[in-house]
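Engineer: Respectively, the protein sequence lines represent chains A and B. Throughout the first sequence, residue numbering follows UniProt numbering, covering 1 to 134 in sequence. Throughout the second sequence, residue numbering follows UniProt numbering, covering 1 to 134 in sequence.
It cannot be assumed that every hint is accurate.
Same chains, same names: a pair is fine if it fits in one copy or spans any two.
Claimed, not checked - Lysine-lysine pairs mimicking BS3-like chemistry, simulated, CA-CA at most 27 Å apart:
no.	residue 1	residue 2
1	LYS29	LYS95
2	LYS122	LYS17
3	LYS114	LYS52
4	LYS95	LYS122
Since the hints were derived computationally from the structure, they do not count as laboratory data.
Number of protein chains: 2
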Amino acid sequence: MIGRLNHVAIAVADLGKATQTYAGTLGAKVSKPHIVAEHGVTVVFVELPNTKIELLEPYGDSSPIAGFVEKNPAGGIHHLCYEVEDIFAARDRLKAEGARVLGDGEPKIGAHGKPVLFLHPKDFCGALIELEQA
Amino acid sequence: MIGRLNHVAIAVADLGKATQTYAGTLGAKVSKPHIVAEHGVTVVFVELPNTKIELLEPYGDSSPIAGFVEKNPAGGIHHLCYEVEDIFAARDRLKAEGARVLGDGEPKIGAHGKPVLFLHPKDFCGALIELEQA
Numbered sequence: 001m002i003g004r005l006n007h008v009a010i011a012v013a014d015l016g017k018a019t020q021t022y023a024g025t026l027g028a029k030v031s032k033p034h035i036v037a038e039h040g041v042t043v044v045f046v047e048l049p050n051t052k053i054e055l056l057e058p059y060g061d062s063s064p065i066a067g068f069v070e071k072n073p074a075g076g077i078h079h080l081c082y083e084v085e086d087i088f089a090a091r092d093r094l095k096a097e098g099a100r101v102l103g104d105g106e107p108k109i110g111a112h113g114k115p116v117l118f119l120h121p122k123d124f125c126g127a128l129i130e131l132e133q134a
Numbered sequence: 001m002i003g004r005l006n007h008v009a010i011a012v013a014d015l016g017k018a019t020q021t022y023a024g025t026l027g028a029k030v031s032k033p034h035i036v037a038e039h040g041v042t043v044v045f046v047e048l049p050n051t052k053i054e055l056l057e058p059y060g061d062s063s064p065i066a067g068f069v070e071k072n073p074a075g076g077i078h079h080l081c082y083e084v085e086d087i088f089a090a091r092d093r094l095k096a097e098g099a100r101v102l103g104d105g106e107p108k109i110g111a112h113g114k115p116v117l118f119l120h121p122k123d124f125c126g127a128l129i130e131l132e133q134a
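Please put together the full structure from these sequences, using the hints given.
Structural biologist: The structure is reproduced here in C-alpha cells:
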C-alpha cells in the first residue's frame, strides 16, 4: 500500500537556525521559508536527491506543532509522510486492520494541497505517520 | 554535502509486531530479520521505492538502542541516515562548523559495512543523524 517516503518533518523553535544547520553545516539545498497559515506552520524544504526534509516552525496562535516544540525545545522529528495512491482505500484498509486514524477519519487537504490522513503513533511503532495521496 | 536519505531508523521493543505493522497494516515490502550482533540490533528492512525504513530491535546485553526502547516502549524514530561522498571531508567540515561528532570523531564501520559517523542531536534540530559514506 505505502509508496514513496514523501518527506520527514522536523519541528523546530527557530527556523532560521535550523535552515542554517541544513544549508550551512550539512550543505544541503534549501528553499525559502513558506508560511502555510491554514496549517499553522512556516516551512523550509530541504531538497535531497531522493526525498525531502521539511523543517517546520509554529506559525500563529494555534499551531498544531506548538505543543511539540514546547516539549522539545531543541526540535525533533515530528512525523513521516508516506505516499498512497488512493487515500480512501488506505483509510478503509487501516480501519479494517484496527489501526487508529486521527481526527474524524476523513481525509483533509494537507500542506501540499493533496488529501492527507494522520495515523496514531501508538499503532505505528511510536511514529506519527501522515499518508498523502500522491 | 549531504546526499540521499539512506534510511530512517525506527527502534522498537517487538520486531515481529513492528514487521506486521509495516508488512500487514501498511502493505510494504519487508525483508527477513537480520541479526547484526556487532551493532547490537536485529533489523528488518522496509523497502520503499525511494528509500528504506529500518526497524531495529535491541540484540544482546549491551545494545546501543536498549535505553531508547526502554524510554519509548511503543517505539520511536531513532535516527536519520544521510549519505555523503567522503566521510573524512564531512567530519572535518562538521568540526570546523563547531558541530559535535559523537564518540572519538573517527568513522566506524556501520551496519551496512560502510564508514559512518553519528552527530549530536542537539546540534541537528533534535534529531540523531548518521552520516554514511555511500
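Engineer: Hints first: check each against the structure and report whether it holds.
Structural biologist: The hints, checked one at a time:
1. LYS29 / LYS95: between (38 Å within a copy, 20 Å between copies)
2. LYS122 / LYS17: Cα proximity of LYS122 and LYS17: across copies only (12 Å, versus 31 Å in one copy).
3. LYS114 / LYS52: Close inside one copy (16 Å) and across copies (24 Å); limit 27 Å.
4. LYS95 / LYS122: Within one copy only: 15 Å inside a chain, 37 Å across chains, cut-off 27 Å.
Checked against the numbered hints given earlier, the structure satisfies every one of them.
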